[in-house]
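Engineer: What follows is each chain in one-letter form.
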Amino acid sequence: MIDEDIVERAAFDVMAKAAIDIPDDYLTGIKGMIDLEKGDLSAFVLQSMVQNWEAATEDRRPMCADTGLPRYYVKVGNEAVMAGGFVALERALRRATARATHEVPLRPNRVHPLWRTDHGNNLGLNAPEVEWSFEPDADWIDVTTVHKGGLFGSDYRMLFPGDGIDGIKRFFLDTLIAFGKRGLACQPAIVGVGLGGSKDISMVLGKQAACLRTVGDRNPDARVAELELELKELGNSIGMGAMGFIGSSMVVDCHIECGYTHTGGMPMSVHTFCLSSRRATARIHADGSIAYRTDPMWFTPYMRREGVEWNAPQAANKAAAPARVSSGSA
Amino acid sequence: MVVFLDGTIYTGREGVYQKVVGEGAPLPADLSSISNVNFHCSPAASQNPDGSYRVGAVTATASFRFAKWMERWFEISGAKVIIGKGGMSEKDYKELFVPQGAVYLTTVGYGTGALLGRGIKRVEDVHWLDELGIAQAMWVLEVENFGPLLVDGDARGNSLFERQQTQVNANLERLYDGLKKPALHRYGETDDRRDELI
Ligand code: SF4
Numbered sequence: 001m002i003d004e005d006i007v008e009r010a011a012f013d014v015m016a017k018a019a020i021d022i023p024d025d026y027l028t029g030i031k032g033m034i035d036l037e038k039g040d041l042s043a044f045v046l047q048s049m050v051q052n053w054e055a056a057t058e059d060r061r062p063m064c065a066d067t068g069l070p071r072y073y074v075k076v077g078n079e080a081v082m083a084g085g086f087v088a089l090e091r092a093l094r095r096a097t098a099r100a101t102h103e104v105p106l107r108p109n110r111v112h113p114l115w116r117t118d119h120g121n122n123l124g125l126n127a128p129e130v131e132w133s134f135e136p137d138a139d140w141i142d143v144t145t146v147h148k149g150g151l152f153g154s155d156y157r158m159l160f161p162g163d164g165i166d167g168i169k170r171f172f173l174d175t176l177i178a179f180g181k182r183g184l185a186c187q188p189a190i191v192g193v194g195l196g197g198s199k200d201i202s203m204v205l206g207k208q209a210a211c212l213r214t215v216g217d218r219n220p221d222a223r224v225a226e227l228e229l230e231l232k233e234l235g236n237s238i239g240m241g242a243m244g245f246i247g248s249s250m251v252v253d254c255h256i257e258c259g260y261t262h263t264g265g266m267p268m269s270v271h272t273f274c275l276s277s278r279r280a281t282a283r284i285h286a287d288g289s290i291a292y293r294t295d296p297m298w299f300t301p302y303m304r305r306e307g308v309e310w311n312a313p314q315a316a317n318k319a320a321a322p323a324r325v326s327s328g329s330a
Numbered sequence: 001m002v003v004f005l006d007g008t009i010y011t012g013r014e015g016v017y018q019k020v021v022g023e024g025a026p027l028p029a030d031l032s033s034i035s036n037v038n039f040h041c042s043p044a045a046s047q048n049p050d051g052s053y054r055v056g057a058v059t060a061t062a063s064f065r066f067a068k069w070m071e072r073w074f075e076i077s078g079a080k081v082i083i084g085k086g087g088m089s090e091k092d093y094k095e096l097f098v099p100q101g102a103v104y105l106t107t108v109g110y111g112t113g114a115l116l117g118r119g120i121k122r123v124e125d126v127h128w129l130d131e132l133g134i135a136q137a138m139w140v141l142e143v144e145n146f147g148p149l150l151v152d153g154d155a156r157g158n159s160l161f162e163r164q165q166t167q168v169n170a171n172l173e174r175l176y177d178g179l180k181k182p183a184l185h186r187y188g189e190t191d192d193r194r195d196e197l198i
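Heads up: the sequence lines are chains F and Y, in that order.
Be aware that the first sequence starts at 1, since it is given in our numbering, and climbs by one per residue.
Be aware that the second sequence starts at 1, since it is given in our numbering, and climbs by one per residue.
For the record, the hints were derived by calculation from the structure and aren't laboratory data.
Every residue, glycine too, gets a C-beta built ideally from N, C-alpha and C.
Certain hints may be false.
The calculated lysine-lysine pairs, modelled on DSS-like cross-linking and capped at a C-alpha distance of 27 Å, are [what the hints assert, rightly or not]:
| hint | chain 1 | residue 1 | chain 2 | residue 2 |
| --- | --- | --- | --- | --- |
| 1 | F | 169 | Y | 181 |
| 2 | F | 38 | F | 199 |
| 3 | Y | 68 | F | 232 |
| 4 | Y | 181 | F | 232 |
| 5 | Y | 121 | F | 199 |
| 6 | Y | 80 | Y | 91 |
| 7 | Y | 80 | Y | 121 |
| 8 | Y | 80 | Y | 68 |
| 9 | F | 232 | F | 199 |
| 10 | Y | 180 | F | 169 |
| 11 | Y | 181 | F | 199 |
| 12 | F | 38 | F | 232 |
Not the full set, but computed from the structure, chain F residues with beta-carbon under 10 Å of chain Y [said to hold, decoys possible]:
| hint | residue |
| --- | --- |
| 13 | 238 |
| 14 | 247 |
| 15 | 289 |
Only chain F is shown next, with the shape it has when bound in the complex (with noise of 0.2 Å):
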């Protein structure tokens, strides 16, 4: 059994991680990307966001004074059994997400679309946002927390079958060139590409890849795989750098997230996760111990099942297991 203040726990402290401490896979992909570096201007701007990681992780202050619009990813294991059922954890995180303003603090950035009224706390309407997914054969929970700049940098558009592998690239050209200049998407990002589903899952689906996935990590599908690589290539071959200024440091990595859409169509969007890629997940086992990580695992084998059966494979037993969990701890 899970309680609520075990939930509410986890949920703050993934909230101070994320905001102060850069993931390690992001931080080494941006290291190697100064070394690839020829636009002065560029690699200076990346030496200054290590120099601001550093200075984040030393003085515990968030890395970002925007902070985003604070949310949360959660899995829930099959068998795992939570105090209060899901309303209990809902009013865990949403506790978690008005303290953590408060003492972490992270900027209170929510407001009333037309009203622009304000909590003060990032609740509201819809505030924080929470997806669900589950895991078979699990009694834990996993809380995701991500912090992403939210303004510029994201963009979908219905593409056509008949537009294929072209009409994939040009917007994600477009999408990068248009948010790239001045650097309003805080490159070099980890871009994050939905295809298919219906628009909104596409949109979904994009979001996620983008945010929930670590640098370095390949779709196991091994043609799309293949196209993650290109579309990092080209967005690192448009010549702009950090900030828009000359250079190559554009994109970080690129994942992508299919989903079966309409026989018509092939929806797409992209999004770009900033500078200040933040993420952190606790896994709040079910004699409540906690175990902190920056890889989410949030697109397991069985998130991306096909058919109506789920027959665990050998290996994909393993990617769900907490004997994965390697950094952080309680």
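We have chain F; now place chain Y with the ligand onto it with these hints.
Structural biologist: Chain Y with the ligand only, in chain F's frame:
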């Protein structure tokens, strides 16, 4: 070209501009005498139990949205330095900034919130906090070694961003070579990739 600032700066964005330029509210009495540096940002700030404020990190917000207020704002506030994210157009610099002797400094990254936060020594004052909220209020900040910042709009109104972009633009067309256009176009779509969306 890399700038670090010591002294007093204040934040101000659409909330403050709307209040002062739009509605004619008077500026805090001594503002022009203590600072002429206007920072487009909202700090991640919270109040300590003793009533003082804590600023963890500060990050600029995109400045292009504020161009429409700048002419009157310079006249009212006497600001000579604008700090923000992404700059404004060279046209704005030449028409709005140069006549007032003002320059534009851009923050770097732009996520250098922790470095900039380190440069803030003290919150000297905060205006319109209740009405505008933490994000939009005017924060008067004492800063030391506040940066890094880059000069985007210089005294003659040249924009570093635009000069860099001109060179980047020269290579854009070749990226699309051989890629056929999508069947469905979009309203408002431009095929001229030298265009900016701002
Ligand atoms: S987009 Fe830039 S300013 Fe916004 S959260 Fe990311 S790093 Fe910070």
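Engineer: Evaluate each hint against the coordinates.
Structural biologist: Tested hints:
Straight-line distance between C-alpha atoms of residue 169(F) and residue 181(Y) comes to about 10 Å, which keeps the hinted pair within the 27 Å bound. Between residue 38(F) and residue 199(F), the direct Cα distance comes to roughly 39 Å. Violation of the 27 Å bound is thereby established for this hinted pair. Taking the CA atoms of residue 68(Y) and residue 232(F), the gap is about 37 Å. The hint is violated against a cut of 27 Å. Pair hint residue 181(Y) plus residue 232(F) holds up; C-alpha atoms about 21 Å apart against a cutoff of 27 Å.
Between the alpha carbons of residue 121(Y) and residue 199(F) the distance comes to roughly 48 Å, so the proposed pair goes past 27 Å and is violated. At roughly 17 Å between alpha-carbon atoms, residue 80(Y) and residue 91(Y) fall within 27 Å of each other, so this suggested pair holds. Under the criterion of a C-alpha separation no larger than 27 Å, the hint pairing residue 80(Y) with residue 121(Y) is consistent with the structure, at around 22 Å. The suggested pairing of residue 80(Y) with residue 68(Y) holds, with an alpha-carbon distance near 17 Å, which does not exceed 27 Å.
Distance hint between residue 232(F) and residue 199(F) is fulfilled; the C-alpha atoms sit about 24 Å from each other, no more than 27 Å. Restraint check: the Cα-Cα separation between residue 180(Y) and residue 169(F) comes to about 10 Å, which is no more than 27 Å; the hinted pair holds. About 21 Å separates the Cα atoms of residue 181(Y) and residue 199(F), which keeps this hinted pair within 27 Å; it holds. Between residue 38(F) and residue 232(F), the direct Cα distance comes to roughly 17 Å. Compliance with the 27 Å bound is thereby established for this hinted pair.
Hint on residue 238(F) holds. Least Cβ distance to chain Y is approximately 6 Å, under the 10 Å limit. Of the supplied interface hints, the one on residue 247(F) holds, with its beta-carbon coming within about 9 Å of a beta-carbon of chain Y, less than 10 Å. Checking residue 289(F) against chain Y: minimum C-beta separation of about 29 Å lies over 10 Å; hint violated.
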